Amino acid sequence: MFSSAIIVFREVLEAALVITIVMAATQGVARRMYWIFGGVVAGIMGASIVAALAEQISMAFEGAGQELFNALVLMSAVIMLAWHNIWMSHHAKELVGHLKSLGSGVSRGELPMYFLCTAVGLAVLREGSEVVLFIYGIVASGAGLVSIISGSALGLAAGSLVGLLLYKGLLKINPKQLFTVTGWLILLLASGMAASCAGYLIQAGYLPSQQPLWDSSNIISQHSIFGQLLHVLIGYQDRPTAVQLLFYVGTFGAIAIGMRLARPSPNKTNRQANTLSQA
Amino acid sequence: MFRSIVVSGLACIVLSNVAQAQTQVFELSIQDHTFEPAELTIPADTKVKLKVMNQDKTAEEFESYDFNREKIIPGNSEAMIFVGPLKAGEYKFFGEFNPKTAQGVLKVE
Chain A
62 MFSSAIIVFR EVLEAALVIT IVMAATQGVA RRMYWIFGGV VAGIMGASIV AALAEQISMA
122 FEGAGQELFN ALVLMSAVIM LAWHNIWMSH HAKELVGHLK SLGSGVSRGE LPMYFLCTAV
182 GLAVLREGSE VVLFIYGIVA SGAGLVSIIS GSALGLAAGS LVGLLLYKGL LKINPKQLFT
242 VTGWLILLLA SGMAASCAGY LIQAGYLPSQ QPLWDSSNII SQHSIFGQLL HVLIGYQDRP
302 TAVQLLFYVG TFGAIAIGMR LARPSPNKTN RQANTLSQA
Chain B
1363 MFRSIVVSGL ACIVLSNVAQ AQTQVFELSI QDHTFEPAEL TIPADTKVKL KVMNQDKTAE
1423 EFESYDFNRE KIIPGNSEAM IFVGPLKAGE YKFFGEFNPK TAQGVLKVE
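For the record, the sequence lines run as chains A and B. Going left to right, the first sequence walks through residues 62 to 340 as the working numbering numbers them. Going left to right, the second sequence walks through residues 1363 to 1471 as the working numbering numbers them.
Source of the hints: derived by calculation from the structure; they are not laboratory data. Everything numeric in this text was worked out from a predicted model, so none of it was measured. Check each hint, because a few of them may be wrong.
Facing chain B, a subset of chain A residues (Cβ under 7 angstroms, in silico) [as the list claims (entries may be wrong)]:
id, residue
1, E116
2, S119
3, G124
4, Q264
5, S270
6, I280
7, H284
8, Y297
9, R300
Here are the computed lysine to aspartate or glutamate pairs in the EDC-like style, where the Cα-Cα straight-line distance is at most 16 angstroms [claimed, not checked]:
id, chain 1, residue 1, chain 2, residue 2
10, B, K1449, A, D276
11, B, K1413, B, E1389
12, B, K1413, A, E123
13, B, K1411, A, E123
For each label pair, taking beta carbons as the anchor points, the in silico distance ranges come out as [stated by the list, open to error]:
id, chain 1, residue 1, chain 2, residue 2, range
14, B, T1396, A, S277, 28 to 38 angstroms
15, A, V242, B, N1438, 42 to 52 angstroms
16, B, A1406, A, W275, 17 to 27 angstroms
17, A, L222, B, Q1386, 28 to 38 angstroms
18, A, P325, B, T1408, 53 to 63 angstroms
19, A, R321, B, D1407, 35 to 45 angstroms
20, B, Q1393, A, V242, 46 to 56 angstroms
21, B, P1399, A, L232, 33 to 43 angstroms
22, A, I210, B, D1407, 42 to 52 angstroms
23, B, V1387, A, K237, 56 to 66 angstroms
Glycine included, every Cβ here is placed at the ideal spot set by N, Cα and C.
Throw the hints in and build the complete structure from the sequences for me.
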C-alpha cells in the first residue's frame, strides 16, 4: 500500500502544483473554479484514453511515439502558460484597478481562462496516464483492491496537501504583488517544462545526447521530495545537459521578451502597473 | 557561456545525426518484473540504443536517475531508448512500477 502511495504521490505532485499556481494566478476571476475543474476532468478523461492507447502511442514513430507525445504535451503547456503571462502583461493596469475593487461584486475583467485551463488539463493528462497504467498493472497482478485504493487515495491526498499548502502561502502575499509572484512562478514553470520537453526529445534521439553539464544529485537529488518540488516549480534538474539548459534559458528569454513587448506604453501606465508587469 | 552552449548544441545535432546510422543496439527484457540480464555492459563515451522488451502482461516504467531516462513500456511490447554517451562507471536503473524486484545496473566500460 505504501509503495503505491509514493508512486501516486510523485505523479500527482506535478499536476497539483500546476493547479495551485493557476488557482493563485486567477484570484478574482468569475467562475474560475468551473474552468479549472473542467480542465482537471478533461485531463483525467484524456489520461484514460492515453493509457488505453499506450501501446499504439509507444510503437508510433519507430518506437519514439511516447517521447514525442510527451514533448508535444509539454510544449503545448509551455505555449499556454506563455500566452497567459503575455496577456497579463498587456492588461496589467486594468487588473490592478480591478483588484482594488475586489469584493465589490465585480468580476475581474475578461481574463481568458482557456489558456490556463488547457495547461491544467495537459498537466493532469500527462501525469494521470502514468497513474492509470500503474494502477491497472497492480490490479492485473491480483493485489488486493483495498490496498490499491487506500494507497492511491493516500498518495492523492498527500499530493493535494502540498498543493494546498502552497496555495495558502501564495494567498498570504499582498494582493498588489500576487500577480507579480504568480507571473514569475508561471515563467519558471514554463521554462522547466521546456527543459523536460528537450529531455524527451534527447531520449528519442531527435536531439543530441550529451554528458550532463553538472551532477548535483548528491546535494539535492531531483527525486527527493524537496528536489521534486524544485523540479516542478523552477525546473531544477540534478544532471542537465547543455541542450536542456538551452531550452530553459531560451524559453525564459522568449516569454520575458514577449511580456515586455506586450506591456502598454509607459505614458499610459501608472507605477503600480509597471511593478506588476515586471513579473 | 551562452554562446558556447548554442554552438556546442548545434555542433552536436549535426554530429549525432551522422552518428545515428551506426548506433549499437543492446537488448534487455523484463520477465516477472525483473530485468534479464540484470547487468548490461555498454561502451564508454558512446551513444547506444537500449531495446527493452517487456514480456509481462502489465506495463512497466523503465527509469534511471543515474542516466536520466524514463519510459513506460506497455505489457507485451518493446521500447527503444537512446542512452549515453556516458563516462565509465556503474549506472543503476529500475522499474518504477515494481521497484522491489525490477533492479538493474548498466556497466559502462
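Verification of the hints:
Evaluation of the A:E116 hint against chain B yields a held restraint, the C-beta minimum of about 4 angstroms falling below 7 angstroms. Because the beta carbon of A:S119 sits about 6 angstroms from the nearest beta carbon in chain B, less than 7 angstroms, this interface hint is met. With a least beta-carbon distance of about 4 angstroms to chain B, the hint placing A:G124 at the interface is held under the 7 angstroms criterion. With a cut of 7 angstroms, the hint placing A:Q264 at the interface with chain B holds, because the nearest CB-to-CB distance is about 6 angstroms.
Nearest Cβ of chain B to the Cβ of A:S270: about 5 angstroms, under the 7 angstroms cut. The hint holds. Against a cut-off of 7 angstroms between C-beta atoms, the interface hint on A:I280 is violated, since the closest Cβ of chain B lies about 14 angstroms away. Look at A:H284: its Cβ gets to within about 5 angstroms of chain B, closer than 7 angstroms, so that hint holds up. The beta carbon of A:Y297 is not positioned within 7 angstroms of any beta carbon in chain B (closest approach about 13 angstroms), and the interface hint is therefore violated.
At a threshold of 7 angstroms, the smallest CB-CB gap from A:R300 to chain B is about 5 angstroms, leaving the interface hint in force. Proximity of B:K1449 to A:D276 is assessed by CA-CA distance (about 13 angstroms); at most 16 angstroms being required, the pair is judged to hold. Of the supplied pair hints, the one linking B:K1413 and B:E1389 holds, its CA atoms being roughly 5 angstroms apart against a limit of 16 angstroms. The hinted pair formed by B:K1413 and A:E123 meets the criterion: a straight-line CA distance of about 12 angstroms does not exceed 16 angstroms.
Under the criterion of a C-alpha separation no larger than 16 angstroms, the hint pairing B:K1411 with A:E123 is consistent with the structure, at around 13 angstroms. One distance hint, 28 to 38 angstroms for the beta-carbon pair B:T1396 and A:S277, holds here, with the actual separation near 31 angstroms. Separation of A:V242 from B:N1438 is about 48 angstroms and conforms to the stated range, judged on CB atoms against 42 to 52 angstroms. Checked against the hint of 17 to 27 angstroms, the C-beta distance between B:A1406 and A:W275 comes to roughly 19 angstroms, which is consistent with it.
Taking the beta carbon of each, A:L222 and B:Q1386 are about 46 angstroms apart, not inside 28 to 38 angstroms as hinted. At about 54 angstroms, the CB distance of A:P325 to B:T1408 agrees with the hint of 53 to 63 angstroms. Judged by the Cβ atoms, the range 35 to 45 angstroms given for A:R321 and B:D1407 holds: they are separated by roughly 42 angstroms. Against the hinted window of 46 to 56 angstroms, the Cβ-Cβ separation of B:Q1393 and A:V242 comes to about 50 angstroms, which satisfies the hint.
At roughly 53 angstroms, the beta-carbon separation of B:P1399 and A:L232 lies outside the given 33 to 43 angstroms, and the hint is violated. Checking the proposed 42 to 52 angstroms range against A:I210 and B:D1407 shows it holds: the Cβ atoms sit about 47 angstroms from each other. In this structure the hint that B:V1387 and A:K237 lie 56 to 66 angstroms apart at CB holds, the actual value being about 58 angstroms.
Violated hints for the displayed structure, listed by number in ascending order: 6, 8, 17 and 21.
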